[in-house]
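Required output: the full structure, derived from the provided sequences and hints.
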Amino acid sequence: MSKSKIFKTRRNLSCENHLPHLTLEDIMEYLYIASKLNISLLFLESITIEERDQICSSIKLKNLLSLSARELYNNARKDNFDLTDLTKTFKSYLNENHGVIILASRVTLRERTIEALKKQLGKNRRLYEIVCIQSDDKSILKWAVHDRRVDYLSMDIINGAKIVDAALCSLIKQNQKCLELNISPLFTARTDKELVLAMRKGKKVISHLNSKNVPFILTCNPSSPLMMRNGEQIRHIATLLGAKLNKTKSCVFERQLTFLLTNLAKLDENFVIEGIWLEE
Amino acid sequence: MVKDAVWDKFQLLYGLNGTTTAGLYFEKFDEQNKIGLVRCSHISLTMLLVTLTIITKIDESEILIYSEYVTGTIKKANKYLLKVTETN
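Protein sequences, first through last, are from chains A and B. Using my numbering, you'd call the opening residue of the first sequence number 1 and step up by one each time. Using my numbering, you'd call the opening residue of the second sequence number 1001 and step up by one each time.
These are calculated hints, taken from the structure and not from any lab test. The reader is advised that the hints may include incorrect statements.
[Said to hold, decoys possible] Covered stretches of chain B (chain A as the covering partner; in silico rule of three or more C-beta atoms under 8 Å from a C-beta of chain A): (1) 1038–1050; (2) 1054–1062.
[Said to hold, decoys possible] For lysine-lysine, the following DSSO-like pairs were computed, each having C-alpha atoms within a straight-line distance of at most 27 Å: (3) K266(A) - K91(A); (4) K204(A) - K1009(B); (5) K1003(B) - K36(A).
Given the structure is predicted, the values throughout are model-derived calculations rather than measurements. Backbone N, C-alpha and C fix where the C-beta goes; we use that ideal spot for every residue, glycine too.
So this is what it looks like as structure tokens:
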């Protein structure tokens, strides 16, 4: 009896957490590369929820379907608003439909004072699904960690070495926030010296995060479509910085999905406060 | 060109000792379908994947190299290669 030869390739779900601000034509190129790399979730910088929905309806690529995160959430949500069930629904949908890419919207706020940041948070919280703060000032980051409107603190591995310390790590962990680590300096290093510097600084940051068990996510922040990397590749690159391969499993999709679904629930019209919903 | 870039990057990251231990051997490369076959020791698989990921340019042209399929035998890898080239 002849056995059918099937090549079983394990396709882990992955996402790209920080795409730059793009036009419609650029998004098509990124979507093509994302489909090749099996990246299922893309976060578009500085594109509001409404703009993202328009983009999704206008994108028509052969064998590729892009969905807005809100559309899939509305379809998946039934009477049960349980986060675990929603996560399972999203994952099983993506595993069954290989050509689907989900688009989500995010914004990175960079302000010099806490007052300016408060104003921007008030304006932008309901316009974007994910809100990140990026700053070189530790006092701003320590304030931002306490604010429930903030999702991630964003930094690259070179600046992060100056900013990340034990106190900040403890605060991030206590307030259930996440640190977004941009590893693009490893790719954009023009000389060996720059690469060595990036690796050394990155190791310092990762050692702080590992010592306090701080949740973090990794992103390539690609400036061009060919700079994108899927989750497996990012996890392998993180081993250069001292992160253990099995400990970065949730850094490339799980945590991003959890934050996204939590915020989609909060942005829902029927949401009142955590645990309380309006009956339709 | 791709082979030289991978060799150079591997040596830069892991040194001569690491490159020797890895036992890299470039079995074949299909220019038309842009797919190839690289052999390495099972211990250095992660190192090879890191090297392939970190390469962004060859001769000033942007490039993206990713691992399509990982297997323990060259026979299976050749079958996969044949299947991919036939479907293309």
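Pair hint K204(A) and K1009(B), alpha-carbon separation not exceeding 27 Å:
OK: K204(A) and K1009(B) at ~23 Å, within 27 Å.
So if I understand the rule, the pair passes when the alpha-carbon distance is 27 Å or less; does K266(A) with K91(A) pass?
holds, 20 Å
Given that the stretch 1054–1062 of chain B was listed as covered by chain A, double-check it with a C-beta distance under 8 Å for 3 or more residues.
holds (count 3)
Is the straight-line distance between the alpha-carbon of K1003(B) and that of K36(A) 27 Å or less?
holds, 22 Å
Take the stretch 1038–1050 of chain B, compare each residue's beta carbon with every beta carbon of chain A, and decide whether three or more fall closer than 8 Å.
Held - the stretch 1038–1050 of chain B has 3 residues with a Cβ nearer than 8 Å to chain A, which meets the minimum of three.
Every hint from the earlier list agrees with this structure, and none is contradicted.
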